Amino acid sequence: MATSGRTARPRVAVAKFASCDGCQLTILDLEDQLLEIVSRFDIVEFPEATSRRSPGPYDIVFVEGSISAPEHLDAIKELRKQARVLVTIGACATAGGIQALRNWADHDAYRAAVYTHPEWIESLATATPASEHVKVDAELRGCPIDPGQLLELLTAVLVGRRPQIRDEAVCRECKRKGIVCLVVAGGQACMGPVTTSGCNALCPTYDRGCFGCFGPRAGANARSWSNGLLKSGRPPEEVWRLFAGFTGYAEPFRTVITELGKTKG
Amino acid sequence: MAKLPTRRPSHAEAGAAVDRVESVRTQMGEPLPMAGIGDRLKLQLDNPRWAQVADRCVECGNCTMSCPTCFCTSVIEASDMDGKSSITERQWDTCFDVAFAKVAGGDFRARPRDRYRQWLTHKFSTWWDQFGSSGCVGCGRCITWCPVQIDVREELAAIAPPIAPVEHPVAVEPVAASPGSYSIARLASARPETEDTTTLSLTDLDPAFLEGRPGQFVMIALPAFPAVPISISRFRANAIDLTIRAVGQTSTALVNLHPGAKVGLRGPLGTFWPIQEAYGRHAVVVAGGVGLSPLHGLVDALVANHDRFESVSLFYGSRTPEDQLFRDDLAAWTASKAIDVVVTVDRAGPEWKGRVGVVTNLFDMISWDCTKVTAFVVGPERMMQASVQGLISKGVPTDRIHVSMERHMECGIGLCGHCQMAGRFVCKDGPVFRLNDLGDMFNREGI
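These protein sequence lines are chains A and B, in that order. Quick note on numbering: our numbering labels position 195 of the first sequence as 195, and the sequence is numbered without any gaps. Quick note on numbering: our numbering labels position 224 of the second sequence as 224, and the sequence is numbered without any gaps.
Simulated from the structure, these hints should not be mistaken for laboratory data. Treat the hints with caution; some may be incorrect.
[Said to hold, decoys possible] Okay, derived cross-link-like pairs now, SDA-like style, lysine to any residue, Cα gap no bigger than 25 Å in a straight line:
#1 B/Lys-84 - A/Gly-148
#2 A/Lys-81 - A/Ser-131
#3 A/Lys-16 - A/Lys-231
#4 A/Lys-231 - B/Arg-56
#5 A/Lys-231 - B/Lys-84
These numbers were taken from a predicted model, which means no experiment stands behind them.
Work out the full structure: start from the sequences and follow the hints.
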């Protein structure tokens with residue numbers, strides 16, 4: 001395709017599966033940097049921004065959404081073939097997202113409860129992350145993703161190094177921001193200790209415990225944290241819901257949820 | 001302070017202050033028996049309780065982030081999209097992070113129990129070695145803010161119960177206060193050594209670098225890339241050589257630079273090889289793989305001053321003949337007759353006519369009185385352990401063996417805390433250590 005005379009701008013595609021488009025909107029929300037981004041990247045495919053379509057191959061493909069419908073199974077494999085680098089963005093693409101709640105439920109019963117004509121709906125019994133189907137080169141976590149992490153990833157691609165994206169507990173961000181611990185001082189349920197950072201402690205900043213939307217951090221001791229929440233007097237159903245919210249299908253949350261489901265009976 | 005209006009406290013106020021301290025003391029309850037806690041903990045590094053407490057610990061870092069004495073930070077190079085310039089930022093970090101002690105070749109504290117032990121022994125034991133005091137001020141924040149109710153008093157009582165008190169006659173220099181600033185150097189030449197290792201010659205240097213000593217290292221950075229520690233492999237008239245294996249992002253970018261490129265340098269940093277300690281003795285250099293790089297400058301010095309030593313030898317092992325560094329220098333050293341150079345490889349094709357086998361096999365060639373040997377050892381940690389074991393079994397005294405250690409470093413000047421190894425900053429107390437100063441930390445997993 002024609003470019004503005006520049007050479008070797010990486011060809012970028014943004015693709016979507018089952019998702020709310022919030023992560024794509026995060027890209028569009030980078031208003032102050034958009035001109036800088038498009039001067040360095042040739043964004044050729046981006047359904048949230050334009051109906052213009054461009055075939056592969058692409059240098060970078062950003063994938064939003066979970067693999068949730070039968071046609072997704074082939075589409076994600078085809079995208080992988082067209083992508084030099086495949087980056088999943090958001091809780092749906094990296095962990096299955098909130099749709100993955102159905103992975104522990106009766107899919108047919110859900111469908112019948114929601115749709116008047118369930119027979120018209122073709123969906124898979126599970127919602128899964130892209131990484132269950134194809135090799136993924138990098139992930140940006142969160143619901144939605146963090147604009148700062150996205151910019152850092154784009155910068156790293158241009159500079160030719162690994163992105164400096166930390167994998168640490170949300171608790172670190174609370175401490176750096178001077179937010180008093182909602183668990184210890186406020187008695188709230190919070191996924192911060194086992195959830196990876198990147199949101200700049202968004203929910204705790206507004207006095208809400210972390211929902212875990214960035215998913216488990218490296219080495220997350222999910223079992224000890226669920227034991228701790230149970231010991232503080234919370235019923236297993238509540239702890240189940242806390243872990244299952246946004247990224248429950250990602251290990252080690254998945255194991256904890258499955259075990260809690262058994263105690264729930 | 002002088003401008004503040006002050007007056008002497010009344011008797012009642014002075015009395016109230018004493019009462020307040022006493023009331024805090026009472027509230028704190030039975031204080032932890034602190035006498036000899038540092039030594040008590042050092043005897044308990046293999047206690048099974050470390051694994052039990054690590055099972056409970058969620059590694060959120062609340063304890064370290066609320067601790068008034070914890071000082072660890074991470075160093076980030078924040079850049080714009082051009083990557084032409086960047087800002088070095090320090091951010092509070094914690095040793096409970098999974099990647100805190102990770103280097104390109106692996107993770108020194110891979111298990112949660114290693115990280116918990118690092119934190120608790122640092123506060124209550126190795127802090128004495130570093131700073132001459134306890135790392136705990138008794139504030140109780142780590143207990144208050146632990147979301148899974150781990151109480152360090154309980155853990156210490158269970159892991160290291162009181163024994164007869166031991167005095168701590170420790171005086172250590174305070175931690176370096178200078179943040180260190182970069183000076184710019186120019187890449188004069190890049191010379192490939194092996195498939196993945198390249199020697200960079202840097203010139204237009206701050207004169208301080210030319211006055212560095214063999215064994216020291218520099219922190220080297222490119223804009224937008226995290227700085228990495230690299231040993232100085234050679235001192236030249238107006239240049240230093242850095243021999244770099246492309247294993248990570250910065251090292252790969254460095255070896256791909258073209259002559260003329262500018263790099264940022266801080267240093268020279270760390271301890272150096274105590275060459276005088278080998279005067280009048282048999283100087284033995286043992287190198288494995290890229291470990292020859294921090295030893296190169298030492299070998300140059302030994303060769304230049306060879307008449308000061310009873311003998312000088314280099315035992316060098318690498319995986320294959322292709323992995324050998326400094327092949328021209330090895331030949332030149334051999335030709336000089338000032339040093340016995342013996343090389344071996346782990347495996348080789350039929351064209352290789354030299355020795356095959358691990359470097360420790362070469363020790364069988366040593367015919368001298370090994371009590372008169374001073375040894376300098378660098379290589380992968382397992383190779384160093386085997387070499388040190390071999391040298392000791394030949395009779396080399398442990399205070400005559402010097403090693404250079406590798407750890408994850410971000411600042412290089414004793415501020416960020418990443419390189420700590422049982423009470424020592426590898427960046428400023430090392431990287432060169434006398435073996436018996438390391439004690440049994442040298443062979444221990446997860447330190």
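A quick look at each hint next to the structure:
1. Proposed proximity of B/Lys-84 and A/Gly-148 is supported: the alpha carbons are some 19 Å apart, at most 25 Å.
2. Among the hinted pairs, A/Lys-81 with A/Ser-131 is consistent with the structure: their alpha-carbon atoms are about 14 Å apart, no more than 25 Å.
3. At most 25 Å may separate the alpha-carbon atoms for a hinted pair to count; A/Lys-16 and A/Lys-231 exceed this at roughly 41 Å.
4. Straight-line distance between C-alpha atoms of A/Lys-231 and B/Arg-56 comes to about 12 Å, which keeps the hinted pair within the 25 Å bound.
5. Between A/Lys-231 and B/Lys-84, the direct Cα distance comes to roughly 52 Å. Violation of the 25 Å bound is thereby established for this hinted pair.
Of the numbered hints given earlier, the model fails hints 3 and 5; all others are met.
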